[in-house]
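So the chains spell out like this:
Number of protein chains: 2
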Amino acid sequence: MSAAGPGRRRGRPASAEKVAGEPDTRDRILSSARAEFAESGYDKASVRAIARGAGVDPALVHHYFGTKEQVFVAAVEGAFAPAMGIPDLLLSGGREQWGEQLVGYVLGIWENTVTRDPLLAIMRSAVNNETAAAIFRGLIGRNLLRRVAGGLGMPDAELRVELAVAQLVGTALLRYVIKVEPVASVPAEELVVRLAPVVQRHLTG
Amino acid sequence: MSAAGPGRRRGRPASAEKVAGEPDTRDRILSSARAEFAESGYDKASVRAIARGAGVDPALVHHYFGTKEQVFVAAVEGAFAPAMGIPDLLLSGGREQWGEQLVGYVLGIWENTVTRDPLLAIMRSAVNNETAAAIFRGLIGRNLLRRVAGGLGMPDAELRVELAVAQLVGTALLRYVIKVEPVASVPAEELVVRLAPVVQRHLTG
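For the record, the sequence lines run as chains A and B. Heads up: the first sequence is residues 1 to 205, going by UniProt numbering. Heads up: the second sequence is residues 1 to 205, going by UniProt numbering.
Just chain A, with the same shape it has in the complex (with noise of 0.2 Å):
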C-alpha cells in the first residue's frame, strides 16, 4: 500500500525525468487508476498496481494524490466528468425531450469503451465496498440529482430522477456487466427507443 523506498525492485521505478513533474504524469496516473479500479474493484485495487501502470514509482501516485481513497476520488471525478454534462444538457431543452435525451446521453457514454472504463470501476467499487458507495453517492447527490430535480421543480424531483436513473443503471448492469443475453447485444438505437418514454414518464409523467 505505502511508498517503496528507491531500492525497490518490482514494479519498476519512475525515472528521473518522470519524477521532474512532466506534465502528464499525473494524467497518466489518474487514467491507471481508472483502469486498475475499473478491473479490480476499490478492495482490490492497490497503489502498487496503480503506479506499476503509470510506469511511477508508488511515492509519487502518493505525493500527487495521497491515500488509495484520495486517488479513487480523484479518478472518479474525473471519469464523471461527461455525466456532468447531463444536466446543462436538459435545463437547455424542452422537458417533453428529456427521457429521449437523458437515455441517448447516457447510453453514448456506456457504448464508448474509454468512458465506459471508469463507470464499470465507480459501479464494481460501490457494490462492494462502503467508502466507494459513500464517494457515489457524494457525486451523485451534488452533482446529478439536485440539479436536474431543480429543474424539475415538483416536490417529489429527486424521486423521479432516481428511478429514472435506476431504469439506466440496471440496463448498464444487465448489458455491460452481467451480459444477460438479448440485452446485452441489442443495437443501443433500441434501447433508446424502448427506454426514453419509460424514463419520460418516471420525470414528468
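Treat identical chains as interchangeable: a pair holds within one or across any two.
Quick list of in silico lysine to aspartate or glutamate cross-link-like pairs, DMTMM-like style, CA-CA up to 20 Å:
hint, residue 1, residue 2
1, Lys179, Asp43
2, Lys68, Asp117
3, Lys179, Asp156
4, Lys179, Glu130
5, Lys44, Glu130
6, Lys179, Glu158
7, Lys179, Glu190
8, Lys179, Glu189
9, Lys179, Glu39
Note that these hints are calculated values from the structure, not bench results.
Based on these hints, arrange chain B on the given structure of chain A.
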C-alpha cells in the same frame, strides 16, 4: 454470522458429533455460505470462513459441496427459490396485473432481510466475478426469463422482461446497496405505485 459452538476458538475443527451428519449440518453450511457471500462477495469469500460460521471443519464443506464455486451455486440456488415463484405467480393471473404483481413480489423479497442477504450476495458477486456472473445468467435465463417470456408470447418478450428486470435491479441497487436518498427511505408501497405502471409498460405496452 451464524451459530458457533460454546467453547469454539478460531477455526477449531468441528466436534465429532457435528461431523457425524446432524441433519441440519448441510443447511447450516449453506446459511453460513449465504452470509459470507453476502458480506464479502464471491472473490473475498473463503471456504474457511464459511466453515467457521457453520461451526464445522472446512473439509466438511468440501465433502458436502465440493469447490467454492459449487458452494456458491448451492447457496445461490436456494436463495433464488423465492424468485422462482415469480413465473407461477404471473402466469396464474391476468397479464394486465403483471406489473403490480411483479414489483410487489420483488420488493417483498428485498424488504425481508432473510431473503435480501442472498440477493445481495449474488449481486455483489456477479458484478465482480465472471464465474458468479455466469451462474447468475444461467439461473435467470433458465428459470425466470424463459418462462415469463413464454407466457408473454411476443417475439421481443425476453427483451421486454429484461428491461422490466433492469428497472427493479437498478432500484434495488440504489435503495439497498448504494443507499441513495430519497429512494433508500421511501416506503415500499410508494415504490410499488410508482414502478408498477412502468414495469407493466415494459411487459405489455
